[in-house]
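Build the complex: two chains, separate frames, hints provided.
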Amino acid sequence: MPLKNTNVVSAYQTKFGRLDGITLREIFAEAVDGATNNAGIPKKDIQAVFVGTFIPEMLVHQGHTAPLLVDYAGLRGVPATRHEAACASGATALRSAVMAIESGIYDTVLVASAEKMTSVTTNKATEALAAAADDEFESSMGLTFPGVFGIAAVAHMAKYGTTEEDMARAAVKAHKNASTNPLAQFQKEITLEKAMTPRYIAWPLKLFDCSPISDGGAALVLTSNEKAKQYTDLPVKIIGTGQASASMNLCDRNDLTAFEASIAASREAYKMAKLGPKDMDVAVVHDCFTIAEIIASEDIGLFKPGEGAKALRDGVTALDGDMPVNPMGGLKAVGHPVGATGVKQAVVIYRELIGDAGANQVANHDTGIMHNFGGTGATAVVTIFRRSDV
Amino acid sequence: MSEKPTIEVYKKNIEDENFQAYKCVSCGRIIAPPSGTCYGCGGTKMEWAKVSGKGNLVAFTVIHIAPDEFQEETPYYVAIVELEEGTRVSARLLGVDPEKPEKVKLDIPLKLDYEKGKSGHTYLAFRPA
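These protein sequence lines are chains G and B, in that order. Count along the first sequence starting at 1, add 45, and that's the number in my numbering. Count along the second sequence starting at 1, add 81, and that's the number in my numbering.
The following block holds chain B by itself, in its conformation from the complex (with noise of 0.2 Å):
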């Protein structure tokens, strides 16, 4: 854990289904997507964090043209979810039906989860709590 932080490894450890963010070492925050620097000190020195895995709903999509790599997966949700440690990410949303997202509803919790893609990727992802 104490290897400085680099994206090619945070998107490797999504892939390993064991996601973990930044954390600035001066002020604590917690960051992700990675950031080279701190969104609240300025700090630039980060280090992993492992995180609680708690998140909350804050809006999302669903996609139905996706560009080729992505079409057989069409259609899916993509969502912001604030971490339970106060930052936002992108990540599939599952557990929910692409054809009815009217009945999704904001705010609500979630919790981390991965989907293995269709494209050969591992996302970030979340499910209702």
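Same shape as in the complex, but just chain G (with noise of 0.2 Å):
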């Protein structure tokens, strides 16, 4: 059955970039407070926050960070607690907050993430991302994450003959997006010829077919039916969830070309919501690398396998297209502080649905599908959102 009882009543993004001088907390804080007093949600009305963090131990050095993070930004005393899932972070953070409103034991809960990437060299921060894979049969042979789905578009090329040059049309889509977005860490669009510029990373993946490491926050309220009017006339209801894992090693998958976990996760989503790929008016998906967004379009249905590249090519998944994809940027252009990018992802799906999207609105609103998955595709997690009055 499609859940019925929870509502996203408030969202903010935090710029994502290199945050000079601000740290973990108090870009977590700017987070909450964006989703709650700014939003005239008053900071007493929150029962308990679900924290979406990756890995502050190495980025930040601190643990137990769901209560210090809650208590620097005004909420000292609810109940708080840390989701970890690498790069699923944030989303699984979200559907814990999810049952825990269906459950009926909280009205009113807060979402809120943050990752400070920056403050660690590029190589540290290389280091903290790579224990997201197996580091005993992985990483430690130097397998790096850029490494890893390298390899899944050398299959994916091989099996559907997906080029460079597909991949970086998804490069050149996200910044074209991300142009026209303040919260976005690169605001300039590039060329299909530079985002073939052959920097190789791990081959076939070039510099541009990355994300960056960032820093940002990004915070939701989530309430019941009956609490939803008091906060705004629109609220955007969530449908659906799943969740699924995978193997950690690529090397025990069957099928390199698809992430099994997002197949799995977006077709309990999609029964739960009692819809299909047809009835999403926009997707947003993780696009850790360029690859990932073609793989992931296939992965939760929007295309058939295979031919998530001729829809880029196409521009079925531009902004103004019949299948919007990433419509503000995405990971690869907005960045991806990790813990935070579950989060954020909603924000973008939240602001798309009631149609305060700015200059990166899509025409059709009224139901959207988010895909947020960790490390190598180990963890995915896939929601479903429609606005209230549909």
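Warning: the hint list may mix true and false statements.
Derived DSS-like pairs: lysine-lysine, alpha-carbon spacing no greater than 27 Å straight-line [as the list claims (entries may be wrong)]:
hint, chain 1, residue 1, chain 2, residue 2
1, B, Lys93, B, Lys199
2, B, Lys93, B, Lys186
3, G, Lys89, G, Lys49
4, B, Lys184, G, Lys204
5, B, Lys135, G, Lys204
6, G, Lys169, B, Lys92
7, B, Lys184, G, Lys239
8, G, Lys169, B, Lys197
9, G, Lys204, B, Lys93
10, G, Lys49, G, Lys319
11, G, Lys349, B, Lys186
12, G, Lys272, G, Lys49
13, G, Lys355, B, Lys186
14, B, Lys92, B, Lys131
15, B, Lys93, G, Lys355
16, B, Lys199, B, Lys135
17, B, Lys199, G, Lys169
18, B, Lys181, G, Lys204
19, B, Lys192, G, Lys204
20, B, Lys135, G, Lys239
Covered by chain B, according to a simulated footprint, are these stretches of chain G (three or more residues, beta-carbon under 8 Å) [claimed, not checked]:
hint, region
21, 188 to 194
22, 291 to 301
In short, the hints are calculated from the structure, not lab data. As the structure is a prediction and not an experimental result, all values here were calculated from the model. Beta carbons are placed, not taken as given, at the ideal position from N, Cα and C, and that holds for glycine.
Here is the structure:
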């Protein structure tokens, strides 16, 4: 049955990028204030906080982050738990918040997230990111994150004829959409030629196929039907949620051209929402690398396996296309503060559905799907949203 | 060969250029890298198994930017290799030019080898048979 009682009533994203001089807790507090006080929702109404952050232990030398962050953000005493699932930390926090409301335990909760990545060197940040892969059998032989997605790209290219140029088109689209998004890390359009610059990170992936290292935060307030209209005339309902796991090691997957956890999570979410891919007006997918956007668009059923690149080539996934994907610029151009990404993606869907996306507004905006995955797809979460007046 | 396999010994075997897989005692399935539970039957009793060293190339990448520990070795191949025994492993790929990955064909036969890395570790590796 579609979920009935979970409403998103406010959403906020901080600027993403290199936020010099601003610490993790300050980023988090800005996101919290944006989604609560500044959105007309008093902090005293928040009954629990679901925190998404990936690896502050390595990035800012801080564990036990949930109570620390909520205390700094003016929510002392409120129960707070941190959710960690690498790049899917944000969506696992969101999913737990949804389950808490649907269970009836709470009426109003906060999902809040932040990651501070630029306070360490790029090499140290890369090492921290590598902790999301299997240290014993992948990282220890020098397989990197871009490397894992490079392998997926090679498999996809061999099976379906996807090209390096196709992947570059995903980068061009991301930068184009982000050029009108003031919260994005990169706000300049790039040409296809530039996206094809042969600076290989992990062949066939080049510099412009990779999302950047970023700081940033995002937050949402979720509430029950009974309370929703106190906060906004136009809540957005979460009507389906799905989550699945896959092997940590890429070598233990049968099919390298798809991510099985994404497929399983999307099936569960569609089933719960009693909707299918054709009912979606807009999609936000986890484009940590350009090939990841192409594969995700297939895994969640927007396109048949092997047809994601064609959809991109034909402009179907452009802002003004029939099935816009990552209308505000995705991880690729907006940035990827790891633990905040899954919450930021929900902020994008919320803004698109209520018609508050400015220059990045999609034409049809009743129903949206969000796909967030962690590591090399070992955790995947898919969430389906629908405007409450539909 | 009768002792219970452990990850520590699995990795030491690679360092000693004596790669061995896990084998499920219940159903005989060959498993590598190690798992605590058989993917086939759910059995949890494992033993060591020698492998033929024959495999084929499933997919690969060439790492150009690596963590400090590996940067001196770049560019290098990392491949997914399917062993004749059915399991798949991540391994370094030798005997092919890292500057010409477009020449490497998938599905080619490979044989087991090892690579002594500048990092001081020995990696599981394969090269064209």
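Straight-line alpha-carbon gap Lys92/B to Lys131/B, limit 27 Å: Distance of about 14 Å is within 27 Å: holds.
Apply the coverage criterion to the region 188 to 194 of chain G and chain B: a residue qualifies when its Cβ sits closer than 8 Å to a Cβ of the chain, and three qualifying residues are needed. It holds, with 5 qualifying residues against the three required.
Starting from Lys204/G, check that the Cα of Lys93/B is at most 27 Å away, please. Status violated; Cα separation ~36 Å.
Run the distance test for Lys184/B versus Lys239/G: straight-line Cα separation, threshold 27 Å. holds (24 Å)
Run the distance test for Lys169/G versus Lys92/B: straight-line Cα separation, threshold 27 Å. holds (25 Å)
Can you confirm whether the C-alpha distance between Lys135/B and Lys204/G stays at or below 27 Å? holds (23 Å)
Straight-line Cα separation of Lys199/B and Lys135/B no greater than 27 Å? Holds: Lys199/B and Lys135/B sit about 26 Å apart, inside 27 Å.
When I compare C-beta atoms, does the region 291 to 301 of chain G have three or more residues closer than 8 Å to chain B? Our answer is that it holds, as 5 residues pass the Cβ test (under 8 Å) against chain B, meeting three.
Assess, step by step, whether the Cα of Lys192/B is no farther than 27 Å from the Cα of Lys204/G, and give holds or violated. Holds: Lys192/B and Lys204/G sit about 24 Å apart, inside 27 Å.
Between Lys49/G and Lys319/G, is the straight-line Cα distance small enough, at 27 Å or below? holds (12 Å)
Hinted pair, alpha-carbon criterion (27 Å max): Lys135/B, Lys239/G. Please report holds or violated. Answer violated: Lys135/B to Lys239/G is near 42 Å, above 27 Å.
Taken at face value, is the distance from the CA of Lys186/B to the CA of Lys355/G at most 27 Å? holds (24 Å)
Checked against the numbered hints listed earlier, the structure breaks hints 2, 9, 15 and 20; every other hint is satisfied.
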